[in-house]
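Chains as they are written, first to last, in this note's numbering: chain Z, 1 to 649; chain G, 1 to 527.
Everything labelled a hint here was simulated from the structure, so no lab data went into it.
Because the structure is a prediction, the values reported are computed rather than measured.
Among the hints, a few may not be true.
[Stated by the list, open to error] Sample of chain Z residues facing chain G (criterion: CB under 8 Å; computed from the structure):
hint : residue
1    : Val74
2    : Ser78
3    : Ala80
4    : Phe164
5    : Gly165
6    : Glu167
7    : Trp185
8    : Leu188
9    : Phe588
[What the hints assert, rightly or not] Below, in silico cross-link-like pairs of lysine to any residue (SDA-like), each with a Cα-Cα straight-line distance of 25 Å or less:
hint : chain 1 : residue 1 : chain 2 : residue 2
10   : G       : Lys107    : G       : Leu12
11   : G       : Lys371    : Z       : Gly165
12   : G       : Lys473    : G       : His54
13   : G       : Lys473    : Z       : Phe53
14   : G       : Lys107    : G       : Ala153
15   : G       : Lys53     : Z       : Ser78
16   : G       : Lys473    : Z       : Ser171
17   : G       : Lys371    : Z       : Leu25
18   : G       : Lys156    : Z       : Arg593
19   : G       : Lys156    : Z       : Asn604
20   : G       : Lys53     : Z       : Phe71
21   : G       : Lys156    : G       : Asp101
Ideal placement from N, C-alpha and C gives every residue a C-beta, glycine not left out.
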Amino acid sequence: MGALVDLVWLIPAFPLAGVLILMALGRRLGEPRAGWLATAMMGGSFTATLLVFIGLVGHDGDERAIVVTLFEWVPAGSLAVDIGFLADPLSITMSLFVTGVGALIHLYSIGYMHGDEGFSRFFVYLNLFAFSMLMLVLGDNLLLAFLGWEGVGACSYLLISFWFGDEANASAGKKAFVTNRVGDWGFLVAMFLAFLTFGSLQYGEIFFEIESHGVAAGTASAIVVLLLVGAAGKSAQFPLHIWLPDAMAGPTPVSALIHAATMVTAGVYLLTRMNPVIAEAHGWVPDLIMWVGLGTALMAATIAVAQNDIKKVLAYSTVSQLGFMFVAVGSGAYVAAIFHMVTHAFFKALLFLGAGSVIHGMDGDQDIRRYGGLARLLPLTSMTFVAGWLAIAGVPPFSGFWSKDEILAYAYAENKVLWVLLLATAILTAFYMTRLVLMAFFGPRRWTDETDEQAEADGGERAANSLPRRHPHESPWTMTAPLVLLAGLAVVAGVLNLPFSKDLHFLETWLEPALFGNAAHVPFGGGTKWILAAVAIIGSLLGVSAGAAVYARRRIDPARIEHPFLARAWRIDEIVTAFMGGPGRRAFERTTRFDEQVVDGAVNTTGTLIRRAGTRLRAAQTGFVRSYALGIAIGAVGLLAWFVSRAGF
Amino acid sequence: MMVLPAIIFLPLVGAAAIALIAPSRSTAFKPVAVATSAATGALTLWLMAAFDKHDGGFQFTQLADWVGSAGISWHVGVDGISLFLVVLTGLLFPIAIVACDPPHDAKAYYIWMLVLETGCLGVFLALDLVLFFLFFEIVLIPMYFLIGKWGHANRKYAATKFFLFTMLGSALMLVGMLSLALLARDYGETGEVTFNLLELKDTAGELPTITARWIFLSFALAFAVKVPLFPVHTWLPDAHTEAPTAGSVILAGVLLKLGTYGLVRFGLYLFPEASRYFAPLLFTLGVIGILYGAVVATMQRDLKRLVAYSSVAHLGFIVLGIFSINIEGIEGGLLQMVNHGLSTGALFLLVGFIYERRHTRQISEMVGLQKAAPVLAAVFTVVMLSSVGLPGLNGFVGEFLILAGAFVAHRWWAVVAAAGVILAALYLLWAYQRVFHGTPDEANRSMPDLSWQEKLMMAPLVGLIVFLGVYPKPVIERMEPAVVALIEHMEQVEGFESPTVGDRPEGSFEELRALLGHHGGDEGEGH
Numbered sequence: 001m002g003a004l005v006d007l008v009w010l011i012p013a014f015p016l017a018g019v020l021i022l023m024a025l026g027r028r029l030g031e032p033r034a035g036w037l038a039t040a041m042m043g044g045s046f047t048a049t050l051l052v053f054i055g056l057v058g059h060d061g062d063e064r065a066i067v068v069t070l071f072e073w074v075p076a077g078s079l080a081v082d083i084g085f086l087a088d089p090l091s092i093t094m095s096l097f098v099t100g101v102g103a104l105i106h107l108y109s110i111g112y113m114h115g116d117e118g119f120s121r122f123f124v125y126l127n128l129f130a131f132s133m134l135m136l137v138l139g140d141n142l143l144l145a146f147l148g149w150e151g152v153g154a155c156s157y158l159l160i161s162f163w164f165g166d167e168a169n170a171s172a173g174k175k176a177f178v179t180n181r182v183g184d185w186g187f188l189v190a191m192f193l194a195f196l197t198f199g200s201l202q203y204g205e206i207f208f209e210i211e212s213h214g215v216a217a218g219t220a221s222a223i224v225v226l227l228l229v230g231a232a233g234k235s236a237q238f239p240l241h242i243w244l245p246d247a248m249a250g251p252t253p254v255s256a257l258i259h260a261a262t263m264v265t266a267g268v269y270l271l272t273r274m275n276p277v278i279a280e281a282h283g284w285v286p287d288l289i290m291w292v293g294l295g296t297a298l299m300a301a302t303i304a305v306a307q308n309d310i311k312k313v314l315a316y317s318t319v320s321q322l323g324f325m326f327v328a329v330g331s332g333a334y335v336a337a338i339f340h341m342v343t344h345a346f347f348k349a350l351l352f353l354g355a356g357s358v359i360h361g362m363d364g365d366q367d368i369r370r371y372g373g374l375a376r377l378l379p380l381t382s383m384t385f386v387a388g389w390l391a392i393a394g395v396p397p398f399s400g401f402w403s404k405d406e407i408l409a410y411a412y413a414e415n416k417v418l419w420v421l422l423l424a425t426a427i428l429t430a431f432y433m434t435r436l437v438l439m440a441f442f443g444p445r446r447w448t449d450e451t452d453e454q455a456e457a458d459g460g461e462r463a464a465n466s467l468p469r470r471h472p473h474e475s476p477w478t479m480t481a482p483l484v485l486l487a488g489l490a491v492v493a494g495v496l497n498l499p500f501s502k503d504l505h506f507l508e509t510w511l512e513p514a515l516f517g518n519a520a521h522v523p524f525g526g527g528t529k530w531i532l533a534a535v536a537i538i539g540s541l542l543g544v545s546a547g548a549a550v551y552a553r554r555r556i557d558p559a560r561i562e563h564p565f566l567a568r569a570w571r572i573d574e575i576v577t578a579f580m581g582g583p584g585r586r587a588f589e590r591t592t593r594f595d596e597q598v599v600d601g602a603v604n605t606t607g608t609l610i611r612r613a614g615t616r617l618r619a620a621q622t623g624f625v626r627s628y629a630l631g632i633a634i635g636a637v638g639l640l641a642w643f644v645s646r647a648g649f
Numbered sequence: 001m002m003v004l005p006a007i008i009f010l011p012l013v014g015a016a017a018i019a020l021i022a023p024s025r026s027t028a029f030k031p032v033a034v035a036t037s038a039a040t041g042a043l044t045l046w047l048m049a050a051f052d053k054h055d056g057g058f059q060f061t062q063l064a065d066w067v068g069s070a071g072i073s074w075h076v077g078v079d080g081i082s083l084f085l086v087v088l089t090g091l092l093f094p095i096a097i098v099a100c101d102p103p104h105d106a107k108a109y110y111i112w113m114l115v116l117e118t119g120c121l122g123v124f125l126a127l128d129l130v131l132f133f134l135f136f137e138i139v140l141i142p143m144y145f146l147i148g149k150w151g152h153a154n155r156k157y158a159a160t161k162f163f164l165f166t167m168l169g170s171a172l173m174l175v176g177m178l179s180l181a182l183l184a185r186d187y188g189e190t191g192e193v194t195f196n197l198l199e200l201k202d203t204a205g206e207l208p209t210i211t212a213r214w215i216f217l218s219f220a221l222a223f224a225v226k227v228p229l230f231p232v233h234t235w236l237p238d239a240h241t242e243a244p245t246a247g248s249v250i251l252a253g254v255l256l257k258l259g260t261y262g263l264v265r266f267g268l269y270l271f272p273e274a275s276r277y278f279a280p281l282l283f284t285l286g287v288i289g290i291l292y293g294a295v296v297a298t299m300q301r302d303l304k305r306l307v308a309y310s311s312v313a314h315l316g317f318i319v320l321g322i323f324s325i326n327i328e329g330i331e332g333g334l335l336q337m338v339n340h341g342l343s344t345g346a347l348f349l350l351v352g353f354i355y356e357r358r359h360t361r362q363i364s365e366m367v368g369l370q371k372a373a374p375v376l377a378a379v380f381t382v383v384m385l386s387s388v389g390l391p392g393l394n395g396f397v398g399e400f401l402i403l404a405g406a407f408v409a410h411r412w413w414a415v416v417a418a419a420g421v422i423l424a425a426l427y428l429l430w431a432y433q434r435v436f437h438g439t440p441d442e443a444n445r446s447m448p449d450l451s452w453q454e455k456l457m458m459a460p461l462v463g464l465i466v467f468l469g470v471y472p473k474p475v476i477e478r479m480e481p482a483v484v485a486l487i488e489h490m491e492q493v494e495g496f497e498s499p500t501v502g503d504r505p506e507g508s509f510e511e512l513r514a515l516l517g518h519h520g521g522d523e524g525e526g527h
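From just these sequences and the hints, can you work out the full model?
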């Protein structure tokens with residue numbers, strides 16, 4: 001069985017091969033073959049992951065951490081970093097859903113990107129992304145994870161600005177990269193500190209060093225806080241979340257793959273991976289992670305309530321759900337964090353792809369105020385979307401309920417205030433998702449499929465309404481098949497870690513070796529658990545019915561809820577932009593002027609002064625021998641006088 | 001061994017050959033220039049292949065009396081510190097010569113280019129101070145003419161500024177060099193004046209501390225101008241911007257390294273104490289350069305000037321690495337010299353290609369070029385990401401080693417310098433967005449994409465950018481013995497210990513499991 005695990009390098013090799021082949025032949029392959037090739041590579045990668053998974057299961061539980069080294073990458077001085085892979089339950093769990101969901105989204109993209117002039121370029125980026133993401137997850141050291149980390153960031157940049165003809169898309173791509181770089185600074189410094197402290201960047205060696213020699217709590221805290229800065233950048237946590245809503249400028253499959261299911265979970269992965277360091281840190285460090293997560297979750301949920309762009313709603317929802325995972329990590333509930341990461345990957349990818357299908361059907365319109373009554377016209381899309389909605393809303397037995405419930409239980413054990421606020425966030429989640437579903441798929445149509453002639457025939461009355469003209473249609477099978485599969489997963493993924501009996505804690509048992517006994521355990525018995533679950537269920541039903549009350553039965557005017565402050569995302573982005581465009585830009589301009597006028601000015605002034613002095617001195621060179629003789633005579637007298645005075649008679 | 005003289009003088013032979021060709025046969029100049037520079041490049045590749053990677057000393061050395069009475073010798077040799085700068089020079093010159101044709105006076109242009117190559121190679125290979133100084137000064141003359149004669153509108157000003165600025169530094173260095181040789185005579189075994197680097201490295205350590213510091217300063221100033229370090233950097237944007245494309249490629253790719261190379265070869269090697277004494281000053285200036293260069297680059301309106309200012313930031317990194325005075329930092333610095341040569345050389349070529357097509361360098365006049373020239377845009381993207389320091393491409397490895405070394409030595413400086421990676425992303429991505437993104441207007445829509453010759457010129461650069469990002473080991477392992485030897489020499493002379501990290505942990509997952517099993521019992525409870 002060990003031989004199967006040695007195949008781990010194949011997992012990223014497939015998408016890398018896809019990148020190379022498509023770069024060489026992509027244009028010649030054209031549409032749709034380039035897309036099929038990329039999808040096949042993801043299929044190969046998924047198969048390889050399955051094989052490694054089977055191989056890993058064949059090992060004893062505590063031997064499930066296998067390092068496969070390819071070659072030395074950066075051997076300099078006491079630093080030695082390999083290109084090596086770590087196959088362990090955590091990395092393979094991540095790889096399974098990255099390659100699985102990734103393959104489905106590749107397939108979907110074949111339909112979605114139909115007719116785009118950058119068709120093959122799109123799949124180059126998509127495969128490159130998958131490669132980077134798998135390096136991030138499978139790398140056996142921090143530096144290789146950072147390679148993947150920055151790689152996914154670069155792909156995210158390339159894909160957000162994929163339709164670069166529009167200035168807004170280009171800006172969004174740049175903003176995503178630069179904001180992420182702020183986080184990457186934290187990751188970098190964390191690596192330097194880890195290198196200085198442990199003499200290595202390899203996970204195994206770092207953890208061994210901690211276990212055998214220990215580490216000062218202050219150092220561990222600093223490393224974790226710096227990693228948190230990095231994680232906040234990648235996983236869009238406050239205050240570095242501002243790039244993610246803008247990132248929706250990219251094609252919708254990109255939003256599903258990168259900005260919902262996989263890349264944005266990298267921060268959660270990183271912190272989970274480094275759990276032995278968190279365990280050594282001061283107590284306030286996990287608390288910080290927890291409160292950052294909670295604050296982000298709550299804030300983003302309130303913002304999502306007031307968004308009208310279908311993708312923006314889902315974007316803020318992603319920010320909010322990632323906050324849940326941070327809360328889980330902070331309370332030591334690593335399993336719950338990964339559990340929610342997996343279920344979220346399924347239902348959020350599903351929701352985004354569903355949104356893409358709707359946008360596809362609505363000729364690119366993303367404003368849910370101009371949707372309505374689409375359920376009958378897009379039957380598959382709306383049915384699967386409903387499954388995703390129930391999953392994220394936390395309605396049992398859909399997957400989201402189980403994973404969210406687990407996070408809530410740990411939050412309750414950690415801090416009651418935290419639990420109440422997180423529960424409120426869950427209720428809000430159910431509310432805004434209900435709003436979205438009702439506004440998009442049900443209720444009156446706020447568009448028309450009549451042609452101008454028909455409208456004329458109706459007496460022109462309807463045409464005066466000036467409803468946008470749309471012709472909603474269901475998407476091709478390449479797009480709906482992934483929707484159906486993901487919907488199935490979103491429904492049943494809860495079975496990964498059902499709470500009823502210890503035998504059903506599959507994920508918990510599976511992940512245990514990667515957590516080194518650092519995972520928290522709920523300190524209360526079945527009774528409290530049941531009550532908490534009941535409260536969570538009541539909460540989500542409350543959110544759903546509140547949503548229905550406002551958006552179906554119109555008991556309350558939606559305008560009273562969708563406050564402009566929320567619609568403008570708490571104005572955080574505006575403030576940052578104003579700062580960058582105002583004082584920030586002025587400081588840059590001032591520095592540049594300083595360089596031109598002061599630094600270079602000094603150089604030019606010196607030049608000018610020397611030239612002037614030269615011009616003056618030139619007057620002395622008269623060419624008359626007698627004036628030189630006079631000069632010599634004066635000099636000689638002066639010298640003589642000096643010697644005489646020094647002689648001291 | 002005759003290979004080093006062959007490498008140094010082959011370009012000069014080519015220059016002489018061109019001088020002998022009748023001016024009427026104007027098509028003959030370029031082939032000769034290309035052939036000689038390519039042959040030189042091939043020789044440097046051979047040198048790399050024949051180089052013994054386990055030897056930390058000088059190889060292929062050649063020592064002959066030159067001006068014996070003055071202690072001046074013809075002494076050349078190569079070690080892991082200079083090897084890749086020689087190879088870089090050997091690679092960049094043919095590319096620059098092939099890629100850019102002079103609009104007029106082709107004969108003189110190629111002669112100067114080849115003389116310049118001889119000068120650059122001589123600097124990296126010289127092991128005698130006077131010989132080094134000679135080559136160091138020779139370099140100025142062809143560069144002065146290349147900028148002044150084939151440059152852009154403001155070329156006269158830029159050329160003069162470049163020349164005077166650098167002369168100022170080297171005049172002081174000459175004084176320092178002479179005083180060093182004269183004063184060190186008293187500590188030598190023979191009691192005679194010598195400019196031989198290998199003899200001076202022992203006697204220089206015996207000089208009184210204050211004297212050595214003053215002499216070090218005279219060297220450091222000359223090199224600081226060449227690097228250039230803040231605040232003596234302002235010749236660079238003018239020279240780079242006004243120079244013809246090939247001139248800019250060589251300026252950024254090779255000439256700037258004369259400064260950083262000099263700091264390692266003569267600064268650290270001859271003056272360990274003074275290097276350590278002035279290290280805080282130098283790496284502080286390096287860190288200022290990183291941030292300041294990036295900030296000023298961000299606000300540039302001229303694309304070429306923007307790339308020029310990015311060099312101030314990158315060279316700041318290199319100086320920071322060198323004056324960390326540990327293996328990681330110095331190796332990172334050396335590696336980054338090569339990396340910067342490749343990526344900034346490539347950037348200047350690309351900007352040159354754009355200029356030839358659009359006849360402007362103003363960012364505001366370009367828009368949506370990715371639509372018009374997708375291949376050019378793709379190559380630009382790769383090179384830009386290398387310059388930004390994206391892992392997997394060459395720039396990252398050097399930057400990471402520099403910062404890791406700097407963190408071990410002076411952590412807060414590294415923490416501040418690391419913020420440079422944010423700014424690098426800002427100025428390059430913003431420039432890319434303005435130039436390549438958006439919808440092209442009338443003037444930009446019809447810009448032709450890269451020709452196959454241009455693609456051929458970019459291919460080796462892009463190939464190396466990727467290769468050195470994925471597999472830098474062949475370079476690092478050839479540098480390491482020489483760097484270790486340098487640090488051991490410094491430690492021995494100075495009696496200090498280079499700041500390093502403790503040993504690598506001797507255990508991984510398996511041992512960890514054994515440990516965890518040994519602790520036993522207290523885990524897995526609590527259900």
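Below or equal to 25 Å on CA atoms is what counts here, so check Lys473 of chain G against Phe53 of chain Z. violated (32 Å)
Keeping to a limit of 25 Å between CA atoms, is the pair of Lys156 of chain G and Asp101 of chain G held or broken? Given that 25 Å is the threshold and the Cα spacing comes to 20 Å, the pair holds.
Hinted pair Lys156 of chain G and Asn604 of chain Z, Cα distance within 25 Å: Within the cut-off at roughly 14 Å; holds.
Is it true that the CA of Lys107 of chain G sits at most 25 Å from the CA of Ala153 of chain G? Cα-Cα ~22 Å, so holds.
Interface hint outcome for Glu167 of chain Z [beta carbon to chain G under 8 Å]: holds (5 Å)
Hint consistency between Lys473 of chain G and Ser171 of chain Z [alpha-carbon to alpha-carbon, up to 25 Å]: violated (37 Å)
Do the alpha carbons of Lys53 of chain G and Phe71 of chain Z lie within 25 Å of each other, as the hint requires? It holds: about 18 Å lies between the C-alpha atoms, which stays within 25 Å.
Can the hint on Leu188 of chain Z be confirmed by a CB-to-CB distance to chain G that is less than 8 Å? Cβ of Leu188 of chain Z sits 5 Å from chain G, so the hint holds.
Hint check: is the beta carbon of Gly165 of chain Z less than 8 Å from a beta carbon of chain G? At 5 Å from the nearest chain G Cβ, Gly165 of chain Z passes the 8 Å test, so the hint holds.
When you check the alpha-carbon spacing of Lys371 of chain G and Gly165 of chain Z, does it fall within 25 Å? Since the Cα atoms of Lys371 of chain G and Gly165 of chain Z sit roughly 8 Å apart, the hinted pair holds (cutoff 25 Å).
Proposed proximity, His54 of chain G with Lys473 of chain G (alpha carbon, max 25 Å): holds (13 Å)
Given a cut of 8 Å on the nearest C-beta pair, is the interface hint for Ala80 of chain Z held or broken against chain G? Holds, because the Cβ-Cβ distance from Ala80 of chain Z to chain G comes to roughly 6 Å (cut-off 8 Å).
Violated hints, in rising order: 13, 16; the structure is consistent with all others.
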